[in-house]
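Heads up: the sequence shown at position 212 corresponds to 212 in full-length UniProt numbering, and the numbers run straight through without jumps.
Keep in mind the hints are simulated off the structure, nothing from the lab. Warning: the hint list may mix true and false statements.
Across the chosen pairs, the derived CB separations fall in these ranges [as the list claims (entries may be wrong)]: (1) 101 / 142: 38 to 46 Å; (2) 120 / 76: 47 to 55 Å; (3) 93 / 118: 29 to 37 Å; (4) 63 / 83: 45 to 53 Å; (5) 61 / 101: 52 to 60 Å; (6) 155 / 109: 52 to 60 Å; (7) 64 / 148: 20 to 28 Å; (8) 80 / 101: 26 to 34 Å.
Even glycine gets a Cβ: it sits at the ideal position worked out from N, Cα and C.
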Amino acid sequence: MSGLSKQGRSASLAAEAPAPTTGEVVEIVEQMIGSIRGDLSPGALQLYGELEELARFIRNTREELATIGADELRDHDIASATDELAAVVGATEDATGKILDSCDVIAEIAAEMPAEQSARATDAVTTIYEACNFQDITGQRITKVVRTLQHIEIKVGQLLGAFGASGAVVAPKADKPKAAASKPAASAATDADLLNGPQLPGNANSQADIDAILASFD
1 MSGLSKQGRS ASLAAEAPAP TTGEVVEIVE QMIGSIRGDL SPGALQLYGE LEELARFIRN
61 TREELATIGA DELRDHDIAS ATDELAAVVG ATEDATGKIL DSCDVIAEIA AEMPAEQSAR
121 ATDAVTTIYE ACNFQDITGQ RITKVVRTLQ HIEIKVGQLL GAFGASGAVV APKADKPKAA
181 ASKPAASAAT DADLLNGPQL PGNANSQADI DAILASFD
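Can you build the whole structure from these sequences, using the hints too?
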């Protein structure tokens, strides 16, 4: 009669068992620490200290992840920065395409001009063509930054999952100090508040929205 040995059955059950959560690991470590309290050998004392340090590290890491708002960083800040950079690449690509199309038109017109003026115009068009290479270089560099941000986003998510902090309550951010009442209202907005750049296509008001706002003033 064939069958798994006791050791084989134990290994099979261990493989099928779900991985313990971080909280369960902390609980197991603390139980182990509690079970070896009392008279300890030098080796047990060292093990006791290492287990205590492990439990403390896990607790502190979970608290720090909640304090810095790692879930907000992953879900909002990094995602927003990635979208903004992707929009920059798209906008520069569109602008470069329009510049090159205009250069083609200028080159056609230059061919109909007198020789001296045609040569000068052609040289200028060639310079513009060469300068437009910036779009490829800039696009490549920004794409690398976007990929790095996406990699960080994944790693932050894995870190949150590993330490069971994905559902942690994020500590509230400190309120910005209110502007003094004696200052004009216009001075309350700082450069950082104003220099946000254009809205992304999905967030910007449509032309119909703008027309409706203007019509409300009539």
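key: CB-CB spacing for residue 109 and residue 155 relative to the 52 to 60 Å hint   = With Cβ atoms ~54 Å apart, the hint holds.
ask   = At the C-beta level, are residue 80 and residue 101 separated by a distance inside 26 to 34 Å?
value = At roughly 32 Å between Cβ atoms, residue 101 and residue 80 fall inside 26 to 34 Å, so the hint holds.
inquiry  = Quick check on a hinted range of 47 to 55 Å for residue 120 and residue 76, using CB atoms only.
reply    = holds (52 Å)
message = Given a hint of 29 to 37 Å, does the C-beta separation of residue 93 and residue 118 actually sit inside it?
response = Holds, since residue 93 and residue 118 (Cβ atoms, about 30 Å apart) stay within the stated range.
task = Take a look at whether the Cβ-Cβ distance between residue 63 and residue 83 falls inside 45 to 53 Å.
result = violated (30 Å)
ask   = Regarding residue 64 and residue 148, is the given constraint of 20 to 28 Å on their beta-carbon distance met?
value = Between residue 64 and residue 148, where Cβ atoms are some 23 Å apart, the hint holds.
ask   = Is the gap between the beta carbons of residue 61 and residue 101 within 52 to 60 Å?
value = holds (54 Å)
ask   = Given a hinted range of 38 to 46 Å, is it respected by the beta-carbon distance of residue 101 and residue 142?
value = This hint is violated: roughly 23 Å between Cβ atoms.
Comparing the model with each numbered hint stated earlier shows that hints 1 and 4 do not hold.
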